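Peer 1: Given chain A, work out where chains B, C, D, E, F, G and H should sit, using these hints.
Here are the chains, one letter per residue:
Protein chains: 8
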Amino acid sequence: MKERELHQLLDLVRLGALPPDRAVARLKHLPFEDLGFAKVDHHRSLRQGYAEVIFGKGKTPGQVAEIVKSMLRHKASRQNILINPSVKSSAKFHALSGVITVERSREITGKGQIFVVSAGTSDIPVAEEALLTARMMGNRADPLYDVGVAGIHRLLEHREKLAAARVIICVAGMEGALPSVVGGLVGVPVIAVPTSTGYGASFGGVAALLGMLNSCASNVTVVNIDNGFGAACVASCINRL
Amino acid sequence: MKERELHQLLDLVRLGALPPDRAVARLKHLPFEDLGFAKVDHHRSLRQGYAEVIFGKGKTPGQVAEIVKSMLRHKASRQNILINPSVKSSAKFHALSGVITVERSREITGKGQIFVVSAGTSDIPVAEEALLTARMMGNRADPLYDVGVAGIHRLLEHREKLAAARVIICVAGMEGALPSVVGGLVGVPVIAVPTSTGYGASFGGVAALLGMLNSCASNVTVVNIDNGFGAACVASCINRL
Amino acid sequence: MKERELHQLLDLVRLGALPPDRAVARLKHLPFEDLGFAKVDHHRSLRQGYAEVIFGKGKTPGQVAEIVKSMLRHKASRQNILINPSVKSSAKFHALSGVITVERSREITGKGQIFVVSAGTSDIPVAEEALLTARMMGNRADPLYDVGVAGIHRLLEHREKLAAARVIICVAGMEGALPSVVGGLVGVPVIAVPTSTGYGASFGGVAALLGMLNSCASNVTVVNIDNGFGAACVASCINRL
Amino acid sequence: MKERELHQLLDLVRLGALPPDRAVARLKHLPFEDLGFAKVDHHRSLRQGYAEVIFGKGKTPGQVAEIVKSMLRHKASRQNILINPSVKSSAKFHALSGVITVERSREITGKGQIFVVSAGTSDIPVAEEALLTARMMGNRADPLYDVGVAGIHRLLEHREKLAAARVIICVAGMEGALPSVVGGLVGVPVIAVPTSTGYGASFGGVAALLGMLNSCASNVTVVNIDNGFGAACVASCINRL
Amino acid sequence: MKERELHQLLDLVRLGALPPDRAVARLKHLPFEDLGFAKVDHHRSLRQGYAEVIFGKGKTPGQVAEIVKSMLRHKASRQNILINPSVKSSAKFHALSGVITVERSREITGKGQIFVVSAGTSDIPVAEEALLTARMMGNRADPLYDVGVAGIHRLLEHREKLAAARVIICVAGMEGALPSVVGGLVGVPVIAVPTSTGYGASFGGVAALLGMLNSCASNVTVVNIDNGFGAACVASCINRL
Amino acid sequence: MKERELHQLLDLVRLGALPPDRAVARLKHLPFEDLGFAKVDHHRSLRQGYAEVIFGKGKTPGQVAEIVKSMLRHKASRQNILINPSVKSSAKFHALSGVITVERSREITGKGQIFVVSAGTSDIPVAEEALLTARMMGNRADPLYDVGVAGIHRLLEHREKLAAARVIICVAGMEGALPSVVGGLVGVPVIAVPTSTGYGASFGGVAALLGMLNSCASNVTVVNIDNGFGAACVASCINRL
Amino acid sequence: MKERELHQLLDLVRLGALPPDRAVARLKHLPFEDLGFAKVDHHRSLRQGYAEVIFGKGKTPGQVAEIVKSMLRHKASRQNILINPSVKSSAKFHALSGVITVERSREITGKGQIFVVSAGTSDIPVAEEALLTARMMGNRADPLYDVGVAGIHRLLEHREKLAAARVIICVAGMEGALPSVVGGLVGVPVIAVPTSTGYGASFGGVAALLGMLNSCASNVTVVNIDNGFGAACVASCINRL
Amino acid sequence: MKERELHQLLDLVRLGALPPDRAVARLKHLPFEDLGFAKVDHHRSLRQGYAEVIFGKGKTPGQVAEIVKSMLRHKASRQNILINPSVKSSAKFHALSGVITVERSREITGKGQIFVVSAGTSDIPVAEEALLTARMMGNRADPLYDVGVAGIHRLLEHREKLAAARVIICVAGMEGALPSVVGGLVGVPVIAVPTSTGYGASFGGVAALLGMLNSCASNVTVVNIDNGFGAACVASCINRL
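Protein chains in written order, with our numbering: chain A, 49 to 289; chain B, 49 to 289; chain C, 49 to 289; chain D, 49 to 289; chain E, 49 to 289; chain F, 49 to 289; chain G, 49 to 289; chain H, 49 to 289.
For the record, the hints were derived by calculation from the structure and aren't laboratory data. Just so it is clear, the structure is predicted and the values come from calculations on it, not from any experiment. Treat the hints with care, since some could be wrong.
Coverage of chain F stretches by chain H, computed from C-beta distances (three or more under 8 Å per stretch; other residues unrestricted) [claimed, not checked]:
# : region
1 : 196-202
2 : 265-272
No farther apart than 27 Å at their CA atoms in a straight line, the calculated lysine-lysine pairs in the DSS-like style are these [unchecked claim]:
#  : chain 1 : residue 1 : chain 2 : residue 2
3  : D       : Lys159    : C       : Lys159
4  : F       : Lys159    : H       : Lys159
5  : A       : Lys159    : A       : Lys209
6  : A       : Lys209    : B       : Lys159
7  : D       : Lys159    : C       : Lys209
8  : H       : Lys159    : H       : Lys209
9  : H       : Lys209    : F       : Lys159
10 : E       : Lys209    : G       : Lys159
11 : H       : Lys159    : F       : Lys209
12 : F       : Lys159    : F       : Lys209
13 : B       : Lys209    : A       : Lys159
14 : D       : Lys159    : D       : Lys209
15 : D       : Lys209    : C       : Lys159
16 : G       : Lys209    : G       : Lys159
17 : B       : Lys159    : A       : Lys159
18 : E       : Lys159    : G       : Lys140
19 : E       : Lys159    : G       : Lys159
Heads up, the beta-carbon is just placed ideally off N, CA and C, and yes, glycines get one too.
This is chain A alone, in the form it adopts within the complex (with noise of 0.2 Å):
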């Protein structure tokens, strides 16, 4: 429910073309309808912006398929469409990063241009995530990889395009250092997401989360490793302050 929804909602109560106590059964029926074994909170996309996100680890197929359900019947009461068997098939899978889309709009909310930038090849997954989920909440958003600090001049040869961002989403594995250069080349908010990328003393983007931590450039924040998610989730936010 888009706060858009609400306010319509209330209006109609204002009208009187609503009762008000079948607003409140409705209202309070919204922050979560009880599952069981998880509570759907249906109110976050009017609290934060974008639909509820299903974290699959660490739940069975069966689970999610529930919530999915739930999910889905609302949003569907709310548009006057039913559920037909087109969801399943409307549902996109992403073999790099791992994701399961399903498109409902795609409409652009977010004011500027993300861009999601990485170091190497190998930390494409983690930078894949991001930028699919930065384009599902409704923002421009482009890739920009395998530019790390070893070989500045690739990262150099792009400063204009930076310089166009509205936010940065950087991805880097390793040593961590890439938020540090970007972050120094540009004036937007720099959100810095560590990855798992790397052997040895990496302690699986432990480095690279300190490197990250202590970045000598001061418009840099830090999400948690292999956190693409979480880090086009703060970048849509902030674009469409």
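Peer 2: Leaving out everything else, chains B, C, D, E, F, G and H in the frame of chain A:
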């Protein structure tokens, strides 16, 4: 040197009021000035929208003084004013956070309101550093302190206030849970600052840092432990978008 | 052997119905029975109020089987029943938590209500292990799942329910903030169970563990990561006081 | 404000002795009082059964004093007594643990006996903090010190004493093995407190903390390193059930 | 080559039965034989009193086979026997510990009794590795398993047995408290072996390792996690003194 | 593109054989070629003296193939040869280290001898990776394996050999002590490579890494765990000086 | 109380010279004496062959004094001597290691020679603590200092000396490689003591500790960081076998 | 003793000017001189090309003085000069890095130029230690300070300078990204020195250390945190090749 000033300089060139080679000399000079031990980066205010900030730790007082003088000289020459003895008296020491400020403008350039929310009384030094920094960078910034999650009603009373913010800085030590709760209540970016408040298994802020990196609220990003300054930089950077 | 049975045995001695040396032999035998690789501690149910539980990991199936047989034999001789083939069919496998139970009594010995509260769908396996264990130990125990702190209203709706509990088990992964919030809402002991749910900087449950150890709510104690069983033991132990 | 007092207040309302709006104002005021830097939570004694405790570390002496004054004022107004000069003299400093207590009642509200068991002489500061806290919260609490596991006979001599406890607080540094042994001897909850006693690979209490989290006794829960206060809170909370 | 054999060789030289240069050649050859990928150290049995042991992990089966052949060839030539097909059948695989032994002598060279004490059933694989190794090195070695500290009476029943040992190997996972208790009961050296038994905060044996390093019993030393072999080597080395 | 080739190209320009704009186009093209997911850095062989190496982990086979093709195409065009089917058959897989090499020149460009010294048989895979890399980069490189510090005579026998080296690569797992001993024997740079060989408290190579970083020999530097490739790069880089 | 004294006491009983109940009282009294804050364990010298040692850190001077007085009183009463003023003057402070000794016997009870080998000058405080402790416990003990592995010839010169030892204590900081080399040279037990000597990645002795735990020499065991005392206890315990 | 001196000595023997046994005595004496607490290694300058350096931390001033005297005496006897009172005045204390130097020769023995590059003003103490050490060891060494990666243009301005170096020492704290960028710009070895500059998640230099170990530039090796001395030793060792 603000972006506007750069445009003025180039306009002077276009209008013939400034010979190109004088302009080149001046621009070439700008990037940094070599003091031997430190290259003052006068360009950064152009690229990132705020003047160079000096991180005192690890620098000798003499080095700090040299850098400050260099920074003020340049600003001065740009503004046709002399560095007069009043500079010293214009510096203000903030005991709680240990910050020294030299305020040269009270212009508000941030578009919205920044809230600095903190979990406990002991987190206030870091929160104050963030608050001061945000204000020095031209933002309306207000505190909301001592609203830890173990007394959740204290936080919920301020729900409306929080809803009015454009960016929220969330400062917390110990388990660092505050950003998750705050993040769930609002739809704007939350910059989480772990503090070294605590003892034993807080490991100097590591517990809070990990808690924040694993936040289940998707609009939360994280900066280094006790880095109130960095959080305010990012918040300010977002608030200018 | 429950405490009551021990009193009966000693009464038999007092009444002359059991020759002292027979009693001694039996008591001396009780503490543990030597199976070579494992000393089954038949006394523990006396000391701690519940039967021996077998932690399967690291034991061969054969060893587990031997220990179970020894445990049932003793119980059996106490209750003058034979180990009949129905034992196998009385064993029940709980898929979600991987627990096998052999229920031999449905007596409720706990004085109050135990609530098992969990933060996310992914924490349910550990929560279920706690729930099952609490019930097997003779407690009224109920679940309250998926009430994470990023949607605080979900939890607050159940405030009254929580207030009715005598002990609360709080299961959470990621930042592990739930026990702090729950602990602040109630006046009874909260047993916090960190789970290995999460990725990256959750470090297999370490982030949640540290968060809980640093809880700002003072009625929270912590058990090992994923130790739903241990949490239920302590909760049961408290609930019998 | 004890629960009883709240009932009295509501009875006054029921009997017409207190106008409802006066009652509302008073209740509304209660949750916390805003001191700017700290929101004193007067409601906590209602919810959790004991008065606010001030954790001094990280607060300035002035802040501590303000908070204490606010806390005493409220208690005072509830009890129609003035804050007289004797308050200062009623404060008592306990050198061993560094605790300051202001005892306002000697009522015993805990149902049973709490034992504070400690492993070595060096653990006594933390053990004393636990002992004092437990007593201030209305419990009968007694010490049993220097009964480390490397001289197991010292502990076993006190077996009967331990068996009489309703809750046991177990304080130990170094390898932190004491709670496992004590836990195996009794059937009541054992709250384990790791201490930072030790050197080298004790890592400031981490070795003891890990030992306790991995305890093979299933009636053991753990609090933060050196957190004698927290252990006593939980023990007191259990002892009131 | 046992020390005795070396003396015999030198006696042969003294008696004129072996030309010095033949002796030199043989001695010079002894230190190690170059197989390209591995230098078999035939001298080690002289220096440290036991034959070379092959640590299989990280070596290919072919490499292991080459090393074994080289080792047996030398022993064989010393003992005027051929490497006959029975060698293969003389190798014995011990399923519990994964050890392969080729026993070539049953001589007891250790002066006293070695006990291998273990805390839980799950620690048995490591305990068995220690037991087998101690026996292969010519010691009388016996097991005492499943005597964990949470059921301290199990251990105390064997107090006399333990008192008869000359060296004790103590194998424990989880909190690793057993060596402290055992060390306090006896006056002989205790070699502590942490095991990776456990889960969560046991961190693959780190909790047990730290517990043992911080043991409050002063006759305890520690070897690497799961290193039953190493513990037996040291125990054997001590038992030959 | 070797430096020599660049000089040839510029000479062609000087001599008028190559129009400047053709030269510019070619040079501008050189830095990297955009494959979308990877920017192949053809300039690196110029800057650092060896061709791009592809780190396979985290790349799909398809991506690896694309990159190889791009790399060979450029070399090919420079050398007026076609990419013929024989390329595939010229690739060689080295089972021990998992390296694939395509050797295109056997020219020796390194000035001296590189020795790859390893501590145990289990370290050979990493040592072989270093050896192969050093050879592929045009160095005379020889192995000296299984000379661990617990049999110091094995190493000392090769003292003269080591003295002849210009650079030494020292590969060791477990306690990682070999580089300290080797470093003390020679006057040339020693590149230490920790390996993940070991178990328990070796923590996947961390023990060896820390040992090497703390080496008391002052001619030792360290690369990442298992990074035989990197060690050979540095060694080669030094050997060309 | 030495074992011999206990036998004498029991002989007195057998001979009728000591009434059994007097003996019982005395024996029952022996295990420990309750000082409130510390239970002095007079039995330990019986069980483990040496008098109680007081670890000063974390105890107040007053507590230390009380414990010393209690210990001397018992020894005194056993030996029919008074605690005279000379006790104080008999105490000796060793500046290098910070140890205070009160020598009451110069009897040599250890069977062989103990060597304390140390790697660097900075390790001497810990080495001295071990040396003094070994001597106080009745052993012939000699130092061999500054024989680090980066100058291996220094160590090899003393090879024969080392071969004469019955137990070796090996003290080393930084990479902690010395025990591996020493262990490979001898056939007797080597007790490794990591020291906190070093900086940066030595992490206060952790690097040395890990190095020693991963020693490739199989006659090496390890004690806690800087625990010279513990190493000497174990060495003494072995040397009495 | 430089290598040249050793050749001279052997030539004297060849020419009959020095009786062989006198030569033997002198050579045998050389390896180290026993001061009891420290074995001064006079041979090291032969083996590694530079005089013994004393690491002061953990040594008493008296020990340092003894070692210095021994070192100077030997040099003196070789050069037929007396240790005169001027030695003390020739010692120079460098405040920034805390280094004391006694310069005895200004001969340049290094073949090329060493650059010491540092990221921030706070890294200068470590950088200065490296610079001084490199110069004392006979190298031309120059600083290039405050060229951190967040202002990449500062570094790029010095690209040509860097290209002229034979070895580069790269000193950086915080995220430690500088060596990766520098390494990508040049074709010579880069010795990376992490510094303990920073706070919070820099963990005393660990973040920088990990960043450098994971550098994506393949000509980078690493030394211990703050080990400017070690970096200069290796750089000098390479520069003499």
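Peer 1: Next step is simple, just say for each hint if it's right about the structure.
Peer 2: So, going through the hints one by one against the coordinates:
no. : hint                 : verdict
1   : 196-202              : violated (count 0)
2   : 265-272              : holds (count 7)
3   : D/Lys159 to C/Lys159 : holds, 15 Å
4   : F/Lys159 to H/Lys159 : holds, 15 Å
5   : A/Lys159 to A/Lys209 : holds, 17 Å
6   : A/Lys209 to B/Lys159 : holds, 25 Å
7   : D/Lys159 to C/Lys209 : holds, 25 Å
8   : H/Lys159 to H/Lys209 : holds, 17 Å
9   : H/Lys209 to F/Lys159 : holds, 25 Å
10  : E/Lys209 to G/Lys159 : holds, 25 Å
11  : H/Lys159 to F/Lys209 : holds, 25 Å
12  : F/Lys159 to F/Lys209 : holds, 17 Å
13  : B/Lys209 to A/Lys159 : holds, 25 Å
14  : D/Lys159 to D/Lys209 : holds, 17 Å
15  : D/Lys209 to C/Lys159 : holds, 25 Å
16  : G/Lys209 to G/Lys159 : holds, 17 Å
17  : B/Lys159 to A/Lys159 : holds, 15 Å
18  : E/Lys159 to G/Lys140 : violated, 39 Å
19  : E/Lys159 to G/Lys159 : holds, 15 Å
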